[in-house]
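K.L.:
Listed here are the chains, written in short residue letters.
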Amino acid sequence: MLTDQAGKGVRHDAPGPEQSAHISLRTGGDLLQLVSPEGERISHPEFDVWVKDVGDEQLCSLYEDMTVIRRIDAEATALQRQGELALWPPLLGQEAAQIGSSRSLRDDDFVFPSYRESGVAYVRGAHLSEIARVWRGNASYGWDPQRINLATPQIIIGSQSLHATGYAMGVQLDGANTAVLAYFGDGATSEGDVNEAMVFAASYQAPVVFFCQNNHWAISEPVRIQSHVQLADRPTGFGIPSMRVDGNDVLAVMAATRVALDRARKGGGPTFIEAVTYRMGPHTTADDPTRYRDPIELEDWAAKDPILRLRKLLEAKGLLTDDVEARVKAKADAVAADLRSSCIGMPDPQPLDVFNHVYSTPNSWIERQKDHYSRYLSSFNQPVEEGAL
Amino acid sequence: MSKLTFARAINAGLRKSLENDPKVVLMGEDIGSLGGVFRVTDGLQKDFGKHRVIDSPLAESGIIGTAVGLAYRGYRPVCEIQFDGFIYPAFDQIVSQVAKMHYRTQGRVKMPITIRVPFGGGIGSPEHHSESPEAYFTHTSGLRVVAVSNPQDAYTMIQQAIASDDPVLYFEPKRRYHDKGDVDESLDLATALPLDRAVVVSPGSDVTLVAYGPLVKTAKDAAMAAADEGISVEVIDLRSLAPVDYPVVEASVRKTGRLVITHEAGQSGGLGAEIAASITERCFNYLESAPVRITGFDVPYPYSKLEMHHLPDLDRILDGVDRALGRRNSLSGLEG
Numbered sequence: 001m002l003t004d005q006a007g008k009g010v011r012h013d014a015p016g017p018e019q020s021a022h023i024s025l026r027t028g029g030d031l032l033q034l035v036s037p038e039g040e041r042i043s044h045p046e047f048d049v050w051v052k053d054v055g056d057e058q059l060c061s062l063y064e065d066m067t068v069i070r071r072i073d074a075e076a077t078a079l080q081r082q083g084e085l086a087l088w089p090p091l092l093g094q095e096a097a098q099i100g101s102s103r104s105l106r107d108d109d110f111v112f113p114s115y116r117e118s119g120v121a122y123v124r125g126a127h128l129s130e131i132a133r134v135w136r137g138n139a140s141y142g143w144d145p146q147r148i149n150l151a152t153p154q155i156i157i158g159s160q161s162l163h164a165t166g167y168a169m170g171v172q173l174d175g176a177n178t179a180v181l182a183y184f185g186d187g188a189t190s191e192g193d194v195n196e197a198m199v200f201a202a203s204y205q206a207p208v209v210f211f212c213q214n215n216h217w218a219i220s221e222p223v224r225i226q227s228h229v230q231l232a233d234r235p236t237g238f239g240i241p242s243m244r245v246d247g248n249d250v251l252a253v254m255a256a257t258r259v260a261l262d263r264a265r266k267g268g269g270p271t272f273i274e275a276v277t278y279r280m281g282p283h284t285t286a287d288d289p290t291r292y293r294d295p296i297e298l299e300d301w302a303a304k305d306p307i308l309r310l311r312k313l314l315e316a317k318g319l320l321t322d323d324v325e326a327r328v329k330a331k332a333d334a335v336a337a338d339l340r341s342s343c344i345g346m347p348d349p350q351p352l353d354v355f356n357h358v359y360s361t362p363n364s365w366i367e368r369q370k371d372h373y374s375r376y377l378s379s380f381n382q383p384v385e386e387g388a389l
Numbered sequence: 001m002s003k004l005t006f007a008r009a010i011n012a013g014l015r016k017s018l019e020n021d022p023k024v025v026l027m028g029e030d031i032g033s034l035g036g037v038f039r040v041t042d043g044l045q046k047d048f049g050k051h052r053v054i055d056s057p058l059a060e061s062g063i064i065g066t067a068v069g070l071a072y073r074g075y076r077p078v079c080e081i082q083f084d085g086f087i088y089p090a091f092d093q094i095v096s097q098v099a100k101m102h103y104r105t106q107g108r109v110k111m112p113i114t115i116r117v118p119f120g121g122g123i124g125s126p127e128h129h130s131e132s133p134e135a136y137f138t139h140t141s142g143l144r145v146v147a148v149s150n151p152q153d154a155y156t157m158i159q160q161a162i163a164s165d166d167p168v169l170y171f172e173p174k175r176r177y178h179d180k181g182d183v184d185e186s187l188d189l190a191t192a193l194p195l196d197r198a199v200v201v202s203p204g205s206d207v208t209l210v211a212y213g214p215l216v217k218t219a220k221d222a223a224m225a226a227a228d229e230g231i232s233v234e235v236i237d238l239r240s241l242a243p244v245d246y247p248v249v250e251a252s253v254r255k256t257g258r259l260v261i262t263h264e265a266g267q268s269g270g271l272g273a274e275i276a277a278s279i280t281e282r283c284f285n286y287l288e289s290a291p292v293r294i295t296g297f298d299v300p301y302p303y304s305k306l307e308m309h310h311l312p313d314l315d316r317i318l319d320g321v322d323r324a325l326g327r328r329n330s331l332s333g334l335e336g
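Here the protein sequences come in this chain order: A and B.
If you're matching positions, the first sequence starts at 1 in the numbering used here and goes up one per residue.
If you're matching positions, the second sequence starts at 1 in the numbering used here and goes up one per residue.
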């Protein structure tokens, strides 16, 4: 059952007697869709059952999470423009892909994200200051990975797919039924590490889900430069079943992720999900997509906006009441205010912190440099003696 | 005390670590039924199972990258890189992930990963099988780098490396794998010399000669030969390349006033350069002459018929000792 606490502590048990093994994965170029861009619920003979527990309240809760992370994204972008954050990688347009997948996870599952998965971090229970401080330059990590079972976001493209696979191998050694999920993008599928991860995952049948958000752009390079085939076709050659889902359809994303996680838990091995979505913003706040992207493409995708789509579904169901709208707005406002105040109020690190935690045990090289730099800093506080050189 | 080859000594150390800690797993290419191309892991898969001694796909980045994930999960992976020259596909995972994870997460995630690398030349191999890539890793903060020179250290230090909460690159001198030596298998790790210490293996008073890995034996032989000419050479086995145990080297140089460093790796930007600079900074006033480096040339590792010219040997080291002492040597009369 899904709980309804703004995505926190979400637990999902596989629904009923259905077996993920019965689902026929990867059939042609079909795009799994359970909600049309017009907000109509499309029934599907195999996948409906995987979201049958998602009732009205849960739909509203998903809507809230998606709205809140879009607000986090907008506020963080503003904070960057105001000089409070050094950089920010926007997730605008990818809310359904991030919320639908992360809300399918159990607390004991482990997630290896890339740098753009701030929505996932929010759902997993990261504090807003923890999300902000990496981008402010106050630290290289946000949250304690072991506290919320979410690894420190990876900047080296695709590297984390191997870490997820290794973690899943550890889960197997432990005999646990935890599932592991790796997030990466379309560009990452060209990296050797992602391909090696699929080799290892297939060879050992590791309980890992490769969740690829195909947002169509790797900075300025369109996805066609990365691949001549659909990304969901790539894992087939490794012997890994895959699904191609509408990444702007939160219900489809949930259904596919639940199937994949269930396969992992039941010893079915790895699964690859291509969530077809769109990066509506720049790569980061340092990027200028007008140099390489046709504005018409952006308009096309704006019509398929994941939040707009869910709104239409809620409206059609009569769920988008003033009360719900007000509650969601209040929540988004509060979160944005928290993000802003925790960001601006963040204390700077101390100069000698630069030497901390390079090693877990004392290291003579580091200790000597720390001692010398400490003396250097102290020298500014000492009066200069007359005649001293 | 038992007489073991270098390879058997590492094998015994690995076995002990596997016995003592269920979180220790071995990963690598051909390490299972074959026992590794040098047989270092011989018999371990049979005794500990395929789940703890894992034959990996042929993908070095994959081996190290999955080891990172296993470490995240609480395991202590021991990865074998089959040959020194095969480590580069894993370079990104080692440098960007293994080395930096502890710093990145401010200690929340430890990387107790040991990466075993057979290194160095002298076995008549084709290209990519005889390299000495240690300086890439000593230059990378977050890694500990060690090179073993004898079966006892091989046995002890592999266990210390595995027990270390920091990642360790463990370089094994492949041309010494069949050398035999006494190994005390009852040695207590808690009282053994720590992993980051150098040792004086041959005391002397005229020149300090610093070596590590395969050249420690050559250096000791050179010291014996020098003694025949009445020159007293103090040989130091560095053991740890990052960090270097400078107090031991300093104490020796303060006594001898002369320093020779030898390694198989090329000279420019190598460990010898770092040691020469650091010792010059730390005990300039004790030096009677400029530090001397006797190293491999700044060339790609040559084809095997030429490798004896590339590798420092006893005579080249003695020539360097003569230079440090201001005695007649091959470069006498040259300036700079």
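Certain hints may be false.
[As the list claims (entries may be wrong)] Below, computed lysine-lysine pairings styled on BS3-like, alpha-carbon distance capped at 27 angstroms:
1) K16/B to K370/A
2) K304/A to K317/A
3) K220/B to K16/B
4) K370/A to K50/B
5) K52/A to K304/A
6) K220/B to K266/A
7) K331/A to K312/A
8) K180/B to K220/B
9) K266/A to K16/B
10) K3/B to K220/B
11) K100/B to K110/B
12) K16/B to K46/B
For the record, the hints were derived by calculation from the structure and aren't laboratory data.
K.L.:
Determine for every hint whether it applies to the structure shown.
P.N.:
Taking the hints in turn, this is what the structure says about them:
1. K16/B to K370/A: violated, 37 angstroms
2. K304/A to K317/A: holds, 19 angstroms
3. K220/B to K16/B: Violated, because 30 angstroms separates the two Cα atoms, which is more than 27 angstroms.
4. K370/A to K50/B: With a Cα-Cα distance of about 45 angstroms, the restraint between K370/A and K50/B is violated, given a limit of 27 angstroms.
5. K52/A to K304/A: holds, 24 angstroms
6. K220/B to K266/A: Not satisfied, since the Cα-Cα distance of roughly 59 angstroms exceeds 27 angstroms.
7. K331/A to K312/A: Status holds; Cα separation ~20 angstroms.
8. K180/B to K220/B: Roughly 16 angstroms between the alpha carbons, so the hint for K180/B and K220/B holds.
9. K266/A to K16/B: violated, 34 angstroms
10. K3/B to K220/B: holds, 20 angstroms
11. K100/B to K110/B: Holds, because 10 angstroms separates the two Cα atoms, which is no more than 27 angstroms.
12. K16/B to K46/B: holds, 15 angstroms
Hints 1, 3, 4, 6, 9, counting from the list given before, are not met by this structure.
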